[in-house]
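J.: On the provided structure of chain A, position chain B as indicated by the hints.
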Amino acid sequence: MVIATLLAACKTAPDPEPPVTTNDSETGDVHILPRDSYPLPTDSSPDIPPNLSPSHWVTLEQTGTWLLSSSTAPFTSMSGDLRIREYVDDLDTAVPNYECDVTYALTGEAVTQHSCSACDFVFAVEHYVQLGSPVDCHDPDVPLDGSVWNMGFDSGTRTIYRNYGGTGLWLPWYDATKSGATVTFDWTALLAIEVEDSGMM
Amino acid sequence: MRSMHPGVVVAILASLLQACTVEPPKGTQIGAIREPDPDPQPPSDLARLDMNDAIGDALRLAGIVTSASAFQGHIATLDLASTRSCPQVWVGVPPDNLIDIQFDDEEEGLSWLADCASSAASYDGFTHWSTEIAEDGSTATRSLIADASVSDPNGTVLWAYNGESDDTLDMSGSDFTYRSSFSGVITGSMSGLGKGLRAQNNAGMDGGGGFVAEWASDGTMRFSGSVEAFDGYGPIDQRNGSEPELAGVTGWKPGQPRFTSVRFDLTFDASCAEEPVGFVGLRGNEGFWFDIYFLPIYDPEEHTAQSNAFPYENIDNVTCDGIGTMFSRNADLEAFALNNPGWSREIAPDFGAILQTLPTPTIESYVYTLHSLPTE
Chain A
1 MVIATLLAAC KTAPDPEPPV TTNDSETGDV HILPRDSYPL PTDSSPDIPP NLSPSHWVTL
61 EQTGTWLLSS STAPFTSMSG DLRIREYVDD LDTAVPNYEC DVTYALTGEA VTQHSCSACD
121 FVFAVEHYVQ LGSPVDCHDP DVPLDGSVWN MGFDSGTRTI YRNYGGTGLW LPWYDATKSG
181 ATVTFDWTAL LAIEVEDSGM M
Chain B
1001 MRSMHPGVVV AILASLLQAC TVEPPKGTQI GAIREPDPDP QPPSDLARLD MNDAIGDALR
1061 LAGIVTSASA FQGHIATLDL ASTRSCPQVW VGVPPDNLID IQFDDEEEGL SWLADCASSA
1121 ASYDGFTHWS TEIAEDGSTA TRSLIADASV SDPNGTVLWA YNGESDDTLD MSGSDFTYRS
1181 SFSGVITGSM SGLGKGLRAQ NNAGMDGGGG FVAEWASDGT MRFSGSVEAF DGYGPIDQRN
1241 GSEPELAGVT GWKPGQPRFT SVRFDLTFDA SCAEEPVGFV GLRGNEGFWF DIYFLPIYDP
1301 EEHTAQSNAF PYENIDNVTC DGIGTMFSRN ADLEAFALNN PGWSREIAPD FGAILQTLPT
1361 PTIESYVYTL HSLPTE
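Those protein sequences? They're chains A and B, same order as listed.
Taking the numbering used here, the leading residue of the first sequence gets 1, the next gets one more, and so forth.
Taking the numbering used here, the leading residue of the second sequence gets 1001, the next gets one more, and so forth.
None of these hints come from the bench; they were simulated from the model.
A virtual CB, placed ideally from N, CA and C, is assigned to each residue, including glycine.
Don't take each hint at face value.
[What the hints assert, rightly or not] Computed from the model, here is a short list of chain A residues facing chain B with C-beta under 8 angstroms:
1) Pro-140
2) Asp-141
3) Leu-171
4) Pro-172
5) Trp-187
[Claimed, not checked] Computed footprint of chain A on chain B, listed as stretches where at least three residues anywhere in the stretch have a Cβ under 8 angstroms from a Cβ of chain A:
6) 1080-1091
7) 1133-1145
Isolated chain A, as found in the complex (with noise of 0.2 angstroms):
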């Protein structure tokens, strides 16, 4: 197609056609249709404007627990577990329908030298899937097997930071609370997803 159109154009340009008109074949008038003579197409959408209300939501959460190596400063370890589930609209809590539901294991190393003004301790977090698949999750940040992340705790704001992606920047990443030697942290959002008709329905 582009080369015929290309060849097309390496010729001498043809005048242009007169336009085409209309005669009446008998006495060769010109006929020109009146306005109200032929029907127009009606635009037959309802003149509303879309609904930009989502049909479906996704729940994700994000629950753990860090066991610290003492119940006082300084930690030199601790190991802990992490649970993120996901899941559209309600969930049968009969049959869970979770989109995806993964457990891992947690284990973290002390970081003495780190950026993180705000926080009390951090641990070079180290996560292993024991359950379930990252790559179901619809959160694109969640941990991948083996990713080891820097986060650090601050009994002030009772908030565990994470240093994304080693940028030096800490983001809040979970609610967290100390008790002793455990913290308990937690995350949730609500977002609103687009979900393939399966037509089951």
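T.: Frame of chain A; chain B shown alone:
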């Protein structure tokens, strides 16, 4: 349907073009197959225009026609949101029956789709974006597709972008390489671009149709595409409005920026550190183009359609010395130089100094996650 290998198609098209293109007349410029007689007159202020300064401004403009600029306003207006429902944030892509862009269903990232107002801003349209940062922080990449407008409660546009952009930053110690593609129209006070701009790559061969801006700490640069700056750019216009070239130019005002648009196909490569390959064309506010040619993209001796599209037969200096040759309104300015002692059609911008001023983003500026959104 079986498709032909792209290389075969290119070869066929090139041979067809060669076959149907005769040797162009002397003085042929990019995109202009003609030999004006007499040559069109250059603008009346040509002899006092500081074209080195103008090219510097054009390159600095090119340095902000990037995905970084698009994201700056996008994130700033997201930070105004106090809830996740205005604008409504979606995981993945927005529903394809509500927007006029067909996404891959499996596309990751986040979106907002809205026609809503909060106390701080009103949001209209949609955006879809994704960001990826290597776990060691060495590489970051992101993309943004938007047809969106965000305004303050008074109706002043804070950020409006209709287009697509993406960029990648590679870091290795203190060394970096930044690559961006930007297409579309952007405006609004939070865009950081004044009244805004429009940019694209008409050649469509680089950056998927977007204006390509690349630079690196080793001094290499590449700019390809066209930009129209709504505020204009370059030195202040010193003319008073009575000049013949301004007759009939609507909207011209004394003291406005001298140039409106710029077109690049400019590449620094390892073969010459002092001078780029390609050209830069600056459009004056009266509508005249000023084209500065540096090292040839195609060998002028090969006499192909591509090489013949450039006026190197009228350029004496094609050595690696940092000096380009200017044409005005597609006309050779050799005679103008002879009639204006002290003026030269040869231009030597300080590319190295300009590179130092280009705003390279940081890896941190790529970070925006679900955890950065309002908690509701």
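J.: If a hint holds in the structure, say so; if it doesn't, say that too.
T.: How the hints compare with the structure:
no. : hint      : in the structure
1   : Pro-140   : holds (6 angstroms)
2   : Asp-141   : holds (5 angstroms)
3   : Leu-171   : holds (6 angstroms)
4   : Pro-172   : holds (7 angstroms)
5   : Trp-187   : holds (7 angstroms)
6   : 1080-1091 : holds (count 5)
7   : 1133-1145 : holds (count 6)
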